[in-house]
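With the hints as extra help, turn the sequences into a complete structure.
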Amino acid sequence: MSTTSVLGGVVKRREDPALVRGKGLFVDDLKVAGLAHVAFVRSPLAHAKIKSIDTTAAIAMPGVLAVYTAAEVNHLGPLVAQVAVGKLRPLLADGVVKHVGEAVAMVVADNRYQAADAAEAVEVDYEALPAIVDLKEALSDKAKVHDDLDSNVLITWEAGPWGNAEGIAETQEKIKAAKEQEGAVVVSLEMVNQRLIPTAIEPRSVVADWNSGYERFTVHSSTQIPHALAGALAKTFGLASNAVRVIAPEVGGGFGCKLNVYNDEVLVCFASQQLGRPVKFTETRRESPNSTIQGRGWIGTATITGTADGEILGFELVGIADMGAYTQNFTVAIPFLGTFVGSGQYGFPTYWKIDCVTTHTMTTDAYRGAGRPEAMYYLERIVDAYARKIGMDGADVRKRNFIPAEAFPNAVSPIGFAMDTGRYNENLEALVALPAYADMLAERDAARAEGKLAGFGLSSYVEVCGFGPSALTGLGFSWSAYGLPSAFNGSGLVRVNPDGTATVIIGTGPSGQGHETTWAQIVAEQLGMSVDQIRVTHGDSAESPFGVGTFGSRSAAVDGSATYEAALKVKDKASKIAAHMLEASESDIRFEAGGAHVAGSPESAVPWSEIALRAYQPHTLPEGMEGGLEAHAIFSPGNATWPFGAHAALVEVDADTGDVRLRRYLTMDDCGNVINPMIVDGQLHGGLAQGVGQAMFEEAIYDDDGNLLTTSLMDYLLPTAADLPNWELHRTVTPSNVNPLGVKGIGEAGTIGSAQTIVNAVVDALSPLGVEHVEMPVRPRRVWEAIQAAKGGN
Amino acid sequence: MYPRKFDYAAPTTLAEALSALSGENAKVMAGGMSLIPLLKLRLLSPALVVDLGRLEGLDSIDDRGDHLAIGALVRHYQTAGAESLPAALRTAAGWTGDVQVRNRGTTCGSVAHADLASDQPGAILALGGTMVAQGPGGTREIAADDFFVDAMTTALGADEILTEIRVPKKEGSSAYDKLGRRGGHTDYAVAGAAAWVAKSNGAISDCRVALTGVSTKPTLATAVAEAVIGTDGSGKAIEAAAAKAADGIPILEDLYGTVAYKTHLAQVFTRRALTAALAG
Amino acid sequence: MEVSLTVNGRAVQSDVEPRTLLVHFLRENLNLTGTHVGCETGYCGACTVMVDGRTAKSCTLLAVQADGRDITTIEGLAVNGELHAVQEGFWERHGLQCGYCTPGMIMSAVGLLQENPDPTEDEIRHGIEGNLCRCTGYHNIVKAIEYAAARLQGKTPPPAEWEEVSA
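Just so you know, the protein sequences line up as chains A, B and C, in that order. Counting in the working numbering, the first sequence runs from 379 upward without gaps. Counting in the working numbering, the second sequence runs from 6 upward without gaps. Counting in the working numbering, the third sequence runs from 64 upward without gaps.
Honestly, I wouldn't trust all of these hints.
Derived DMTMM-like pairs (lysine to aspartate or glutamate); straight-line CA-CA distance at most 20 Å [claimed, not checked]: (1) A:K390 with C:E226; (2) A:K552 with A:D528; (3) A:K390 with C:E224.
Please keep in mind that the hints were generated in silico from the structure rather than gathered at the bench. Bear in mind the structure is a predicted one, so any value in this text is a computation, not a measurement.
Below, the structure is given as C-alpha cells:
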C-alpha cells in the first residue's frame, strides 16, 4: 500500500527506540526507596474450609514486615465488579476457599525472596470439600459452588432477538417449522471452546505508595484501565478520585487479562497504608494462571437447519459457559458480548441460549475477542459442517446467506443489533479471487494426490468493536462500581506548546498497540505537523483526561475520534490566529508542512512556533480571544463498529501421528479506514497467533479435583516462531459511519476469525476418513483419536 | 520463582567436588537447566549445590579408539555438532530444549537427570553407551542398560558424579525421531525412538531400539531388535518388527497421550527411526 | 558470596546470596532492567543475555555461576548510542509491540546471527524457538532478523512490506 498522507500511511513506531534499547519502563522495573515486597499464600485446594491459619512462624522470619489475613482486610472487600452478577471475590479467603490459587494470606517483607520464604511458613489447616469443575455437573445444581447463591447458574443469556421474549418465541417457531420442512437438512455438533490462559509475557505487577502527608496513593500497575483502577481504589478506600493516581507505564501485553481490577491491587495499597512503605507485588508465572483471569471455557451445541441447496433457515446455539468461582470485572457479560455477533454476517433466524455457571475454578473474563471468538467458532464450524453435508462450496453457502450490502446502513442483525457498515459478499469474493486462494486449494489437492492428508479451511467473521455505544451501560455494563461515569466514551487532549510542538494526552491504556504513533498521525494530519513534533502520553490517571481504557478494539474508534475532534478544535483556534497574523480570511487558512499559510500562497507561511507564541502571549492575539492553544474533546459513539472479514488456511496432517502443520494462512480483513497499515497488520499477526494458538496448542486443563495442570509454560503450550507461518494479509476497506475517522478496530479480528478456520481445515483434511469434528486444541493426540474413531466406524 | 536458601560450592578439582558432594543433601549441577527450574519452583531444596562448572578438562568429546568420551561439561550444542558422534545422539542433542538451553545444558546432565521425555537418554541407551561415575569409592562404569532405573532415577549414587559418557565406536548407523509436545520436533518428546542397526551380508546383524517419552524411563524395545535381526531390513520387515515396539513395556499416559496413542507412536517412531538408520 | 564479573564491558563486584538468580542480580543490583522475567521454567526467553558470547536465560542461571564471566545485556548492545543492526531491524520492520519479550528476542537474534550470519526463514524461526512473543505472531520478528542479517553482511535488506510516508 502506498500513500502520501500521514493518516493512512506507514510511520515507524515512536515507541520503539526506548523498547529496543531495554529502556522502556515496566512496573517491575520501578525502584522506590523503602520498597517492600508481597508474596501470597494461596490455596492448594479447589474447595475447602479453612480451619485455621497460623502466621506466627512467618512473622518471626527475617525481613518480614507483616502477614495479613481476611480479618484485617474484610472491611475493604469484596472486590468490585462492573457486572456484579454472581459471587464477588473476597480480597483474601474468609473461612473457605473456592478455587486453587485463591489468596489466603498476604506476606510483606523487605525483599521478594524473604516474602516467598515466609509465605511458605504460613500454616493453613484446610478441610477439603468436593469440587465442581464439570460444566454439566455445575448446571445440574446437584451440589452448589456457593451455598448462599440460589443456583450455580448465575444468569442465562437468551437471544434472537435479544431482550424480546415474543421475538425469541417467534424465532424458535420459525426454526422448528424449518426442521419439519420436507428435505430439511439439520446439522448439529456439540463442541468445546476450551479454557485459555491469556499469558501476557509480562506478568502483572503493581507498586502502591501511600503518602500519609499528602494523603494520596501513587499506584503503578500493569493495567489496561488506569482510570478505572484509580476509581475503584478511591471508592474502596473512601478517598476522592484525585487522591489516587494510577500510572500504567509500559504494559507488557494485556489481551484482556489486565482489564480487571485485582484483589492484589487493592491489597498492596492497604499494605502500603498500614506499613508506611511502598509495596510491590509481581506475579510469578506459576501463580498467574490462578490469580489473573482466564478466558473462554464453553461447551455448546450448534445446529443449522437449511435446505439441500444452501439456504440456511435457522441457527441455534445452546451452551454452558464457565464463569469460575468469583465474578470479577465483566465475567458474566462475556457470553453476553458473544450474543451480539451470534448471527455473524448472516440474516437467518438465530436462537442463542447460554447458561453462565459457576465452578470451583479461577474466574474467567475478557480474553482477546471475549465472547466473539466463541460465537464465531460455533457459527462458522457448523456452517462449514452444513456446507460439507450438502456438498456445496463453503464460500458459496456463506455468500448465499450473508446480509446483503444493500441492507446497510440500516442493517439490523437477527440478534437485534444495528450494524454500521458491511460489504460481506464483496469481501469474501475478494478473498476467493486472490491467486493465493486458488494456489492453496491446488496445493491441498497436490498433497492429496501424493497420499497426504491435507485440508483447506475457510471462515468468515464479523466482530462488534469500538465500544461504544456510550449507552451500552444501559445493558448492564456499568462503570459505576469503579466510581466512574457509566458511559463508553473516549477522550483526547491536544495541546500546542509555546515552541510549536504538540502534546497529545489520551485516556487509553495501551499495551503494545502503538497509540503513541497512531495518535500522532491523527493529530499530525489535522495540524499539518510532522509526527516528530508530536508527543503522545497516556496511562496516568492524574494527568490524562478520563477514558475507560484499552480493550474491545475500541481505542482508535473512540479515543482516536475524540483526539481527532480535539485536534479540529485546536486547528480552528489556530486558524483564527493565523488569519490574524496573515491578514487573511480564516476560511483560507491551510495547515501544512509545520505551519499555516493562505490557500494558494504557501510561501507566506507562519510556522506553528509563531502561532503558538501568540497564543501564549494573549496581548498579541486578536481582541477578545482567549489565550492558550489546547483543546479537549470527548467522543461518545452512537454505536459500536462491526469489522468483518474472511480467512483461509491450509494444513497438512501426519496420518500416523496426528501432527498438524499449518502451511499457509490467508486473510481478507475489513477494519474500515486504516490509520497505519504497518500497525494494523501487526495487530492482525498477533491476533492470528492467538486464534491459531487456541486452535492448535493452548488449553487450560483442570483435573476432576479442580487442580489446574497447566500452570507453567512447559504445559500451557504457546505457539513459537517455529510453529507458525508467515501471514498473508489482504484487506477491503469499508469505512465505519459511526465515527469521524471511519475506523472499525483491529485488535481482535485475527483471533476472532482464525480458530475455526484452522479446525475447518483440519476437518477438511480428515474428511476423506469420515471425521466430522476434532476438538481444540487439535493436538496430535486428538487428531489421531479422531482418525481412529472414524476408522472404527463411530 | 525464588529458590529456597542453599549453600554453593564451585570446586575446581574433581576431588573437591566429590568431597563437597559427600555432605548431607548435596546436589550436583552442571549446566543447571534441569536443576535450577526445580529450585525455583521449590520442588527441590538441597542444602548444598555443587557446581561442576569450574572443573577443568571435562568439556570435550574425546576419541579413545574404541569409544568416544563425552565429558561432564560438554553442552548439548557441542554434542549436536560433533560429527564423530552417531547420528541418533547428534539429532537428539539438537532437538533438546531450545538454543539457549543447548548453549548451557550438558549431555551428561540430561542423562543424569533422566527425565522420561528428554531426548538424549534414549539415544545413549540405543547406542549402548557406558556411564562413568566417580564417587568416594572410586570410578565405576555403568552400562546404559543398567543406568536408567525409574522416572528421574538412575543407578548413580547421590555422592557420585557422572563424569563421562562413553559411546562405543562400532559399525552400523543410527537415527532418532520423535514427536514433540507442540508437534514436529519441538519441545519434550511425547514419544520418540532411537535406533541403531548394523548390517552384514545384506542382513541386519545387530540392532538396538530405545523408546523415550512413553514409559517411566528410556526403555529398550527388545522385541523389535529380536524381530528385525536376521531380516533384510526391508520396509515390510521393519514394519513387522516395529509393531512389537511396546511389547513388554509398561506404557504411561500423560497430558499428551493416552496409553493407546503412545503405544501407537512407539511403533511409528520405531519404524521411522529404523528406516532412517538403515538409510543412513 | 562475593562475585566479580564483567557486565557490558564494565567490571562489577558484589556480594550475593547463592540463590540469587542472575536476572535478579542484573535487575536489582545493577539496575539493568532491560532484561525481563516472563516465567520461571526457562521457557519464555525474556531474560536472555549473552554469557561469554553465547545466549543464556538469565533466570536459569545463578549469579554465582556468572562469577568471572562476561555478560552482555540489551543495554550493552548499542555502541555509542548507535543501535545494533538487530535493534534497528526490530524498529524498521515492526518486530515488537508491547516490547516486553523484545530485549530477550533481540539477544537471541544476535546470538543466532553470530552463529549463522545468513539464516533461512526456517533457521530463524527455529533459532528463536526459545523466545515467546504474544504480540507479533513472529512474522515481523522474522523480517527484522532478515533485515539485520543483511545489514550485518553489508547487503541491502529485503524490502519492507510497506512504504513509509514522510512523517
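Does A:K390 pair with C:E226 here, judged by a C-alpha cut-off of 20 Å? Satisfied, since the Cα-Cα distance of roughly 10 Å is no more than 20 Å.
Check the hint pairing A:K390 with C:E224 against an upper bound of 20 Å on the C-alpha distance. holds (13 Å)
Hinted pair A:K552 and A:D528, Cα distance within 20 Å: Violated: A:K552 and A:D528 sit about 34 Å apart, past 20 Å.
Consistency note: the structure conflicts with earlier hint 2 alone.
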